[in-house]
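Participant: Chain by chain, the residues:
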Amino acid sequence: MAGSRKTSEHSEPVAGHGKLIACVLVTVCIASGVAYGQVVNLPPGGPTPPKWSSLPDWNGMWERDGDLVWDDRIAPGQSQAPPYNPAYAKLARSQPTMGPVGPGMPAMMTMVFPLEIEINPREVLLIGESNTVRRIYTDGRRHPVEPLPSTTGHSVGRWEGKALVVDTCCVKANVRLPGGGPHSDKLHVSERFSTPDPNTLRDEITVEDPEALTKPWTTVKTFRRRPDWEPVEFDRTENDRDTPAGRTRGQAYPAPLEAPQPLPADIKIATGAEAERLQKATAMAVGALAWEGVKVFNIEHAAAGLRWEAATRSSRLRCTAKPDGSDSECER
Amino acid sequence: MRSPEALRLTRCLAALCAGGSLIAGVPAWAHHSFAMFDRTKSVTLDGVVKEWQFTNPHTWVQIVVMEGGLPVEYGVEGPSVNTLVRVGWSPTTFKPGDKVQIIMNPLRDGTKGGAFVKAILPNGKVLTAGQTPG
Numbered sequence: 000m001a002g003s004r005k006t007s008e009h010s011e012p013v014a015g016h017g018k019l020i021a022c023v024l025v026t027v028c029i030a031s032g033v034a035y036g037q038v039v040n041l042p043p044g045g046p047t048p049p050k051w052s053s054l055p056d057w058n059g060m061w062e063r064d065g066d067l068v069w070d071d072r073i074a075p076g077q078s079q080a081p082p083y084n085p086a087y088a089k090l091a092r093s094q095p096t097m098g099p100v101g102p103g104m105p106a107m108m109t110m111v112f113p114l115e116i117e118i119n120p121r122e123v124l125l126i127g128e129s130n131t132v133r134r135i136y137t138d139g140r141r142h143p144v145e146p147l148p149s150t151t152g153h154s155v156g157r158w159e160g161k162a163l164v165v166d167t168c169c170v171k172a173n174v175r176l177p178g179g180g181p182h183s184d185k186l187h188v189s190e191r192f193s194t195p196d197p198n199t200l201r202d203e204i205t206v207e208d209p210e211a212l213t214k215p216w217t218t219v220k221t222f223r224r225r226p227d228w229e230p231v232e233f234d235r236t237e238n239d240r241d242t243p244a245g246r247t248r249g250q251a252y253p254a255p256l257e258a259p260q261p262l263p264a265d266i267k268i269a270t271g272a273e274a275e276r277l278q279k280a281t282a283m284a285v286g287a288l289a290w291e292g293v294k295v296f297n298i299e300h301a302a303a304g305l306r307w308e309a310a311t312r313s314s315r316l317r318c319t320a321k322p323d324g325s326d327s328e329c330e331r
Numbered sequence: 000m001r002s003p004e005a006l007r008l009t010r011c012l013a014a015l016c017a018g019g020s021l022i023a024g025v026p027a028w029a030h031h032s033f034a035m036f037d038r039t040k041s042v043t044l045d046g047v048v049k050e051w052q053f054t055n056p057h058t059w060v061q062i063v064v065m066e067g068g069l070p071v072e073y074g075v076e077g078p079s080v081n082t083l084v085r086v087g088w089s090p091t092t093f094k095p096g097d098k099v100q101i102i103m104n105p106l107r108d109g110t111k112g113g114a115f116v117k118a119i120l121p122n123g124k125v126l127t128a129g130q131t132p133g
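Those protein sequences? They're chains F and H, same order as listed. Following numbering that gives the first Met the number 0, the numbering of the first sequence begins with 0 at its first residue and continues without gaps. Following numbering that gives the first Met the number 0, the numbering of the second sequence begins with 0 at its first residue and continues without gaps.
I should point out that these hints are in silico values taken from the structure, not numbers from a laboratory. What you were told as hints is all true, and nothing was included just to trick you.
No farther apart than 30 Å at their CA atoms in a straight line, the calculated lysine-lysine pairs in the DSS-like style are these:
(1) K94(H) to K321(F)
(2) K98(H) to K321(F)
(3) K124(H) to K279(F)
(4) K124(H) to K321(F)
(5) K40(H) to K94(H)
(6) K98(H) to K111(H)
(7) K321(F) to K40(H)
Please model the complete structure; the sequences and the hints are all you need to start from.
Facilitator: Structure below.
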């Protein structure tokens, strides 16, 4: 290459150089044995990112609404277990809920803790408070040719108007499903994110695993925009007093709790400004509860303060507060 | 004061323990089973705060109670920092030397500790895991 002789090779110096770099890269990758799997797999013609101006503003913090269950649409008292085949059902029963790795996909989308979202044309970042980052690439790239399994897997998405359609592969087999159960390396997650209103984000999730499940496992998660929140770090190693001998790990998919009594049909759910204040006061008293999912009723006003009843999907609460709604307390 | 068996922390305890026995379908990282606490019992501790650990995965109030003339230390476990911050708690919610009454669901194995239910401060202020700020 260093010689002065004119050859056809020298008429394509960039391509020739490129081949050399590729050769070196492949050598390095083979030598290190890990990096090759994360080479960007772009379509012919290069990336196809959307325009900035076409992207919705979902940036910021979102609180997950609903219960700490896989699917809020399943009535309390009914099983939340995936549709396992017999072999995987047995495997799920034989193991405690804690996997060696977590939270990953799809459990990251069903956690009690909030998510931060950042959107740019190249990718959508979903950042959990335990500093787990999930990247959804939207620049037209495809899953890697040589996928390297990870906790959050590999997600590619495309914008359909203001909705985001996502496909996730390559989740490590030792990442537990929501509820603590196992899956195989055939796990595949499809999602559709949309905003029925600007402050509500829906994530329709379909989990497929032909080796472990007899049919797709689906849910819908709702997130509520929290513009006044900042992320709060959750470092579970900070002060973890658990010891193998001292604590009992839970069982995956235990028998569900008894369902609460359904609300009588003649209950009038309160609406309006006061109802919203008491929904928020209930959420403050209970904690880790998005107020939008709280129903309040039987509100009583007294000189000493307010009294009301509240219901979530799985709880019935009796609450009190000062007349201005502060110092709220709720009990079952 | 409310009935001692009051269970105030429905969702907070879900956040605290994500316990398989409490709510089916816990997240994969669920921290530990809730079964170690006896949720049918409430124990009232009248004591002095030794330490307030505003930490993850769980917060802890270390409280010293006089029992038969001897000081006995209890560790009372509460929800995570990110849960509590959003309902008004802080690193100074309790301070060493504070006289408090704490109600907890005790550990089944008799260890001196339990799951936080609520605290009552000398001025009568009640702290649930979801104390309203102000």
